[in-house]
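Going line by line, the protein sequences match chains L, G and D. For the first sequence, the working numbering begins at 1 and goes up steadily by one. For the second sequence, the working numbering begins at 1 and goes up steadily by one. For the third sequence, the working numbering begins at 1 and goes up steadily by one.
It should be emphasised that the hints constitute simulated quantities derived from the structure, not laboratory data. Nothing here was measured: the structure is a model prediction, and the numbers come from that model. Backbone N, C-alpha and C define an ideal beta-carbon position, used for all residues, glycine too. It cannot be assumed that every hint is accurate.
[Claimed, not checked] If the Cβ cut is set under 7 Å, some of the chain G residues that face chain D in the computed set are:
id: 1; residue: Ser155
id: 2; residue: Val160
id: 3; residue: Phe171
id: 4; residue: Arg179
id: 5; residue: Ile294
id: 6; residue: Leu334
id: 7; residue: Leu337
id: 8; residue: Gly338
id: 9; residue: Phe341
id: 10; residue: Val342
id: 11; residue: Leu346
Here is what each chain is made of, one letter per residue.
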Amino acid sequence: MTDPLLYLDGVSVSFDGFKALNNLSLMIDPGELRAIIGPNGAGKTTMMDVITGKTRPDHGTVMFEGNTDLTKLKESTIANLGIGRKFQRPTVFEHHTVLDNLELALKNPRGVFSGLFYKVSEEDRKRIEELLDITKLSPKRDVVAGGLAHGEKQWLEIGMLLAQDPKLLLVDEPVAGMTDAETEQTAHLLRAISGKHSVIVVEHDMVFVRELGVKVTVLHEGSMLAEGSLDTVSANQQVIDVYLGR
Amino acid sequence: MLTRFLLAGLDTKAWVLLSVLAVLAVAVPFMALAVPPTSPWSLSMLTVTLLGKYFCYALLALSLDLVWGYCGILSLGHGAFFALGGYAMGMYLMRQIGSRGVYGNAELPDFMVFLNWKELPWYWHGFDMFPFAALMVVLIPGVLAFAFGWFAFRSRVTGVYLSIITQAMTFALLLAFFRNDMGFGGNNGLTDFKEILGYDIQAPATRAGLFVATVVALAIGYILASAVVSSKYGKVLVAVRDAESRVRFLGYDVEKVKLFAWTLSACMAGVAGALYVPQVGIINPSEFSPAASIEAVIWVAVGGRGTLAGAVLGAVIVNYGKTWFTGVLPEVWLFALGGLFVLVTLFLPKGILGLAGDLRQRLAARRSRAAAGSNAAKEATAP
Amino acid sequence: MRCTIRRLLIAAALLIAALPPLAAYAADLPALVRGLGVSNYDELDKAIAKLAETGDPAVAPVLEALQAGDLNLRKSDGAVVVAKRAGSGWDLFDPLTGAALGPAERSAVERIRINNALRRSLGAALGALTLMSPDPAVRRSAAEAVFKSRDPAGIEILDRAIAKETDAGIRTAMQRARAAAVLNTDAPEAEKLAAIEIIAARGDRDGLGLLNTVVNATAPDAVKAAAREAIGAIEHRLALWAAAQNLWYGLSLGSVLLLAAIGLAVTFGVMGVINMAHGEMVMIGAYSTFMVQEMFRAYAPGLFDLSILVALPVAFVVAGGIGIIIERGIIRWLYGRPLETLLATWGLSLMLQQAVRSLFGPSNREVGAPSWMSGAFELGGLTITYGRLWIVVFAFAVFAALLVALRRTSFGLQIRAVTQNRRMASAMGIRTPQVDALTFGLGSGIAGLAGVALSQIDNVSPNLGQGYIIDSFMVVVFGGVGNLWGTLVGALTLGTINKFLEPYAGAVLGKILVLIFIILFIQRRPRGLFALRGRAVEA
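Required output: the full structure, derived from the provided sequences and hints.
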């Protein structure tokens with residue numbers, strides 16, 4: 001067995017007495033695609049905040065590639081280690097064109113001075129074309145991102161994530177507001193990405209999760225309730241209670 | 001590479017503005033010095049000084065636009081950087097007075113003699129040399145901005161909170177510079193300058209020279225600012241303004257991004273202040289007042305934040321209005337200024353330039369719609 | 001020293017003279033007074049002693065006159081009289097009754113001369129007389145006088161007076177006076193040590209000065225050591241009182257800050273609206289007070305003491321009304337754009353200032369204090385003015401009232417509902433625009449109330465508000481936005497820090513240091529002292 005890419009060990013976070021995460025442990029292998037489901041308030045978004053350095057846990061460690069503890073690092077450092085994140089609400093740079101959005105996300109030196117004197121290289125241009133193709137935004141390359149439709153913004157954000165070329169992608173509800181066809185395409189895309197990258201998908205949409213056809217982790221009240229294939233977890237009595245009991 | 005970097009950012013608007021500045025830099029001194037005063041084309045020295053003042057303000061507005069318009073940091077304390085640059089220049093000018101002061105002390109400025117000080121405070125040393133003073137003009141505001149920004153951005157103070165603490169910063173400096181023991185002339189500030197670089201500061205030729213220097217500084221500032229905002233770094237800057245945490249999760253160190261623009265902007269404001277002082281002939285603590293800083297914000301808002309030309313335009317227009325009002329209807333000026341704040345924020349969020357852009361777009365849209373409409377009408381009437 | 005004791009004694013003498021005429025003095029007094037008419041110093045000394053022994057207060061003016069050199073011997077009949085210069089001659093008076101005895105030639109009388117030894121006996125005799133006076137106030141001031149003069153001659157008299165004294169407070173004062181005198185003699189060490197103990201118990205600045213002279217004079221080491229120790233104790237106590245005074249000043253400044261900031265805590269803290277015209281609401285409140293007082297001056301000058309009470313609702317309504325107009329006219333278009341709100345309200349503040357300047361003129365307006373707000377009283381080592389005391393009380397009252405309004409009324413419930421979830425509140429039938437307007441009006445109205453109070457301690461001018469706006473924001477931000485208790489703690493903390501820094505750094509530098517402290521503090525805790533934490537903050 002290979003070493004896990006990401007290993008959350010006993011992570012707890014509380015806000016004013018409310019336990020958002022309670023002794024959560026989780027392991028993601030390199031190249032794995034993992035779906036995380038759970039009712040509202042289960043701690044899915046907080047878990048992502050902890051991994052990406054937005055929230056510091058009260059207890060526990062988050063090890064990346066075996067020896068880097070993410071809980072000590074700031075967001076930009078974690079991002080540069082190779083962890084990309086897509087927000088629940090699509091967040092793109094509304095005043096920039098699609099092209100500029102992708103350009104900013106491309107894996108290049110992030111310093112101020114390299115930014116001042118940056119010039120688009122041939123390689124970068126090719127990569128951007130590639131991403132435009134993947135996200136089907138090629139015809140809209142010069143459109144300001146604020147003028148895109150909701151689904152297009154979701155795709156642009158995924159495109160930006162890919163431009164970062166991360167080792168691990170955290171994707172929060174990627175298909176919210178998408179049509180069925182778009183949902184299917186997204187599932188396809190995520191499956192295609194995994195293998196080369198590890199992907200964690202947080203989703204409510206069970207159809208979409210089924211479409212992904214991967215290992216599922218169920219969160220409840222900040223802890224892991226069940227783990228396994230979607231069929232296994234949906235047969236789990238506890239999971240049924242949690243979902244139906246509400 | 002540097003020239004390419006600097007020129008890459010210039011668009012049509014920039015070229016127009018730079019051409020205007022170039023014409024002014026030649027025409028104004030010519031009209032003031034060479035055209036006989038009887039001619040209608042002659043400019044009084046007063047007008048030259050006034051124009052010079054406007055362009056100093058324009059440079060300040062430019063620096064403010066860089067952080068507010070492009071990075072979303074609304075500074076209510078930019079006047080502090082302007083004033084610090086001004087004080088650095090003022091200290092040089094004080095040292096140039098030498099023994100021509102009222103008390104005839106070659107070493108100490110008059111106010112120190114008056115306060116019975118025996119020797120020059122350590123921080124006044126070196127200001128008798130112009131290159132040192134010029135360095136300090138940039139360095140002092142720069143270092144203050146760096147230190148302030150380093151703390152503020154690192155602890156993620158943003159939005160209104162940041163605005164309020166920048167205001168507190170300039171207020172604290174205002175109180176400090178009022179104190180006589182600070183060694184900056186207290187209430188009266190620094191004034192009664194005699195000469196700059198060996199030239200009589202009152203002489204028309206010197207005044208014209210200072211005007212040209214201001215125009216050149218504004219042009220350089222403009223070129224530099226457009227180069228910065230049109231680079232990839234400039235795009236990151238705008239991205240920080242629009243979605244700060246997204247930029248962070250893309251791996252950019254947002255603190256450093258902000259800090260660079262903030263410090264650069266403070267240095268520019270310092271230069272503006274340094275050019276302002278020899279032209280108006282005085283620098284006193286009132287330049288630190290929060291009201292002065294917030295007034296600069298409205299110049300940028302009027303012209304159109306997020307457009308460099310707008311900042312320049314706004315500074316000149318509002319200050320021309322101020323000159324006009326205070327001459328004709330002084331009691332109405334505060335109403336006008338206050339009303340400007342309200343009207344611009346309510347009805348002109350993008351300023352004059354933004355409005356012009358919107359109008360042009362709407363006009364174009366209407367024209368294309370009209371064209372489409374008439375085509376449709378033709379089709380409908382066709383049998 | 002001599003001068004003060006004399007003045008005190010004269011005062012005492014006058015007091016006695018002012019008492020109902022004492023015809024009831026002992027019958028042998030005139031004879032004893034006549035006995036003063038001798039030229040021999042020794043005999044005069046004995047005569048003084050005899051007079052003093054009577055313990056009769058009526059003797060005091062006689063001895064007083066002798067001390068002042070006014071007592072004369074009438075050559076014609078050997079009577080002892082008081083002679084006052086009148087033109088080229090004298091006017092004569094009876095020394096005991098003060099009755100006029102008519103004019104006299106210059107040569108008709110001869111002054112009764114005294115020397116230094118006699119002066120000392122006179123002082124002691126007078127001291128004894130006043131120390132035995134039936135009037136407690138006279139006895140007390142006499143004891144204080146001996147304490148100041150430290151005249152060893154007083155010890156013996158004091159011993160007698162202490163034995164007779166019935167009032168405990170005066171006895172303590174006498175004991176202290178005796179201790180002070182003892183320290184001025186070559187008394188044995190043990191006695192001096194006891195004296196120091198008594199002085200130390202007094203624990204004020206006079207005692208400190210006394211002990212310092214002991215330390216500096218030649219005295220046994222043990223005495224000096226004891227004095228030094230006592231000095232330490234007194235200084236410690238004085239420092240405590242000084243700290244208490246600072247604390248009071250801090251509380252007073254803190255309550256002013258609280259008043260100025262509390263309205264902002266509603267508009268900024270609860271609604272999230274940056275109202276830079278907040279200071280002008282305070283200013284409008286102050287001008288409302290001025291207008292109300294003008295009315296009272298014109299129509300009901302006798303009820304002037306009530307003007308402030310009438311001004312309170314007026315200021316609240318005027319400032320609140322203007323606040324509602326501002327909210328409906330400008331601010332509601334700018335919700336969700338805090339920086340724009342900041343600029344627009346700044347513009348408003350300029351306009352309001354200019355409007356007031358045009359209406360009332362640029363100079364300060366006179367706002368009077370009602371009688372119940374003037375004056376001061378002492379509390380231990382503290383001096384407290386009624387004006388400040390009322391402002392502290394008022395600030396806390398406003399705070400409490402606001403707290404109750406937000407917690408217990410249905411309007412408060414609506415405000416909190418809209419703050420927490422606007423859409424949900426709206427869905428439940430709360431008219432959110434109305435709540436917004438009223439909340440802003442409430443915050444502005446409270447600022448108006450603050451203006452009434454501040455008109456009592458600050459200049460009422462168009463610039464009144466500008467002085468408070470930065471401080472108010474500092475208080476709210478320091479305390480934590482959206483938390484009224486934070487505002488309270490923030491205001492009191494900043495006020496106290498400011499006043500404790502002032503003695504060391506001066507007023508201006510103190511304020512600068514406080515500003516720097518807040519700037520650094522906000523960097524450490526961007527959300528203030530009492531920060532809300534968690535996901536709600538991000539939304």
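Results for each hint:
no.: 1; hint: Ser155; verdict: 4 Å, holds
no.: 2; hint: Val160; verdict: 5 Å, holds
no.: 3; hint: Phe171; verdict: 5 Å, holds
no.: 4; hint: Arg179; verdict: 6 Å, holds
no.: 5; hint: Ile294; verdict: 6 Å, holds
no.: 6; hint: Leu334; verdict: 4 Å, holds
no.: 7; hint: Leu337; verdict: 6 Å, holds
no.: 8; hint: Gly338; verdict: 4 Å, holds
no.: 9; hint: Phe341; verdict: 2 Å, holds
no.: 10; hint: Val342; verdict: 5 Å, holds
no.: 11; hint: Leu346; verdict: 6 Å, holds
Checked against the numbered hints listed earlier, the structure breaks none of them; every hint is satisfied.
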